[in-house]
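In order, the protein sequence lines correspond to chains U and L. Throughout the first sequence, residue numbering follows the working numbering, covering 10 to 288 in sequence. Throughout the second sequence, residue numbering follows the working numbering, covering 10 to 288 in sequence.
Take every hint as true, because none was put in to throw you off.
Simulated crosslink set (EDC-like; lysine to aspartate or glutamate; CA at most 16 Å straight-line):
1. L:Lys236 / L:Asp254
2. L:Lys275 / U:Glu136
3. U:Lys236 / L:Glu131
4. L:Lys288 / U:Asp274
5. U:Lys288 / L:Asp274
Calculated directly from the structure, the hints in this document are not laboratory data.
There are 2 protein chains.
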Amino acid sequence: MDVSLPAVLSAADSLALRYGPAAPPAGGPWNEHISLLLSHRSVRGYRPDALPSGTLEALVAAAQSAATSSNLQTWSVIAVTDPAKKAELAKVAANQRHIEQCPLFLVWVADISRNQRLGAEEGLTLEVIPYQETFLVAAIDAALAAQNATVAAESLGLSCVYIGALRNNPREVARIVGLPSGAFGVFGMCVGYASAAGATEVKPRLPQDVVVHHETYDATGESGHRKAYDALLQSFSARHGMAIDTWTRRVINRMGKIAALSGRDKLVSTLNAMGFGLK
Amino acid sequence: MDVSLPAVLSAADSLALRYGPAAPPAGGPWNEHISLLLSHRSVRGYRPDALPSGTLEALVAAAQSAATSSNLQTWSVIAVTDPAKKAELAKVAANQRHIEQCPLFLVWVADISRNQRLGAEEGLTLEVIPYQETFLVAAIDAALAAQNATVAAESLGLSCVYIGALRNNPREVARIVGLPSGAFGVFGMCVGYASAAGATEVKPRLPQDVVVHHETYDATGESGHRKAYDALLQSFSARHGMAIDTWTRRVINRMGKIAALSGRDKLVSTLNAMGFGLK
Numbered sequence: 010m011d012v013s014l015p016a017v018l019s020a021a022d023s024l025a026l027r028y029g030p031a032a033p034p035a036g037g038p039w040n041e042h043i044s045l046l047l048s049h050r051s052v053r054g055y056r057p058d059a060l061p062s063g064t065l066e067a068l069v070a071a072a073q074s075a076a077t078s079s080n081l082q083t084w085s086v087i088a089v090t091d092p093a094k095k096a097e098l099a100k101v102a103a104n105q106r107h108i109e110q111c112p113l114f115l116v117w118v119a120d121i122s123r124n125q126r127l128g129a130e131e132g133l134t135l136e137v138i139p140y141q142e143t144f145l146v147a148a149i150d151a152a153l154a155a156q157n158a159t160v161a162a163e164s165l166g167l168s169c170v171y172i173g174a175l176r177n178n179p180r181e182v183a184r185i186v187g188l189p190s191g192a193f194g195v196f197g198m199c200v201g202y203a204s205a206a207g208a209t210e211v212k213p214r215l216p217q218d219v220v221v222h223h224e225t226y227d228a229t230g231e232s233g234h235r236k237a238y239d240a241l242l243q244s245f246s247a248r249h250g251m252a253i254d255t256w257t258r259r260v261i262n263r264m265g266k267i268a269a270l271s272g273r274d275k276l277v278s279t280l281n282a283m284g285f286g287l288k
Numbered sequence: 010m011d012v013s014l015p016a017v018l019s020a021a022d023s024l025a026l027r028y029g030p031a032a033p034p035a036g037g038p039w040n041e042h043i044s045l046l047l048s049h050r051s052v053r054g055y056r057p058d059a060l061p062s063g064t065l066e067a068l069v070a071a072a073q074s075a076a077t078s079s080n081l082q083t084w085s086v087i088a089v090t091d092p093a094k095k096a097e098l099a100k101v102a103a104n105q106r107h108i109e110q111c112p113l114f115l116v117w118v119a120d121i122s123r124n125q126r127l128g129a130e131e132g133l134t135l136e137v138i139p140y141q142e143t144f145l146v147a148a149i150d151a152a153l154a155a156q157n158a159t160v161a162a163e164s165l166g167l168s169c170v171y172i173g174a175l176r177n178n179p180r181e182v183a184r185i186v187g188l189p190s191g192a193f194g195v196f197g198m199c200v201g202y203a204s205a206a207g208a209t210e211v212k213p214r215l216p217q218d219v220v221v222h223h224e225t226y227d228a229t230g231e232s233g234h235r236k237a238y239d240a241l242l243q244s245f246s247a248r249h250g251m252a253i254d255t256w257t258r259r260v261i262n263r264m265g266k267i268a269a270l271s272g273r274d275k276l277v278s279t280l281n282a283m284g285f286g287l288k
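Let the hints inform the model, and build the full structure from the sequences given.
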């Protein structure tokens, strides 16, 4: 089933939406794939419409085609469509309503349990399991896979949003979707068709000069760039009726006080209880 | 500059290359974006040819368009083209020659130093900084960004490979590219044109049934799928003159003994020394 492609914006238009006046000059390499990537928006409102048959398989094939450290494939994904389960997961994630609205909710799992089962069947202890490095590899594997699934979904006219708030209570997530020891829901993802209320603009990002460093890290000029970005994000927020207006205030609200972690300050003991060593 | 697109394979051909006989049926949604994602190969041999002007900016725009937790943008990227620096980085990464060969080497950085500088300039302590959750967010942000850059690069006919071995000695990486406290090179990435020797086949992955779970995690049938995948990967390895033949042996070689971590068993103390708390 060939699916028509999203509208292709020019480099100049795409870069202006993503960076405002700080956009780098257009004129470099450009094609419809890059246009698709730049058009990403996180969507928090969905129509109930079901996904076409075969959509999950296409997203998973894209996800599995991402790189994975040493081909260990230390990730899994739980596809949740059951309304009762979605409601339970929404409750973990501070009652985000879009988790219940979307037709498909994905729980992306950092999963070393499969490798552990392999070791057990072969009669071997895998010494590398109880290390921070192993957890990190599994989380990165899951992230690379999830991002490919996002790109595939958006190419089909679907929208997505990552749900980090599953980490507010990872053990409850594990209970809801039946994860074994060594499997951790690192984030969720809504997939579906954006509702009229859910459709949003492309969100501006920090200027490239802040994020890219040539040969050596160099934060010169960062303060000035931040002030300009604050102004850009303030007008974006005003257009969308959002409360927190500048990037500076956003960072302070999110990182200033431990309460903002919503329970994620207990992540180390949670991970240890869930079968991950963090040596 | 509009760049011609890579060849578009059909769903049936793409899925057969990625899964062998265990491929899910074609017939679901399909387009040239998904075809591109499924065609990914990690490439470990590069021609010296320079990249077209504007390539880095296009890759970074794609990277910055990926989702980022609460828009915190806790990542940076160091673009390394200096042969002396690439040689130093290759030495950290077990002398992988492709790091010296490729015209552009990217060091993807989990970066909370920018947010720390913001806090310092605003006269505030960001209480959330010294937590495992914050490091995890930064590593995931970097991974989502890097994967978008990979997709953009491959859409331009370039090839990439992730280099996790930068984590064999993160403090040496930090010295080479001048990272401040709170900035950690989570992985590297070669970018360039595949040489004849570097060109490879699509590597088969585990069957979808092993990785995807519906509503609830279910490892039934996993053993049988693993045996079939072992055989598939064995014939892939034989075609490529690779030593380790089955997936089972690959996992055991990589996860069985601590020595295989090549120093990454010290990651916790390294991260603490580099300005990350892991409470």
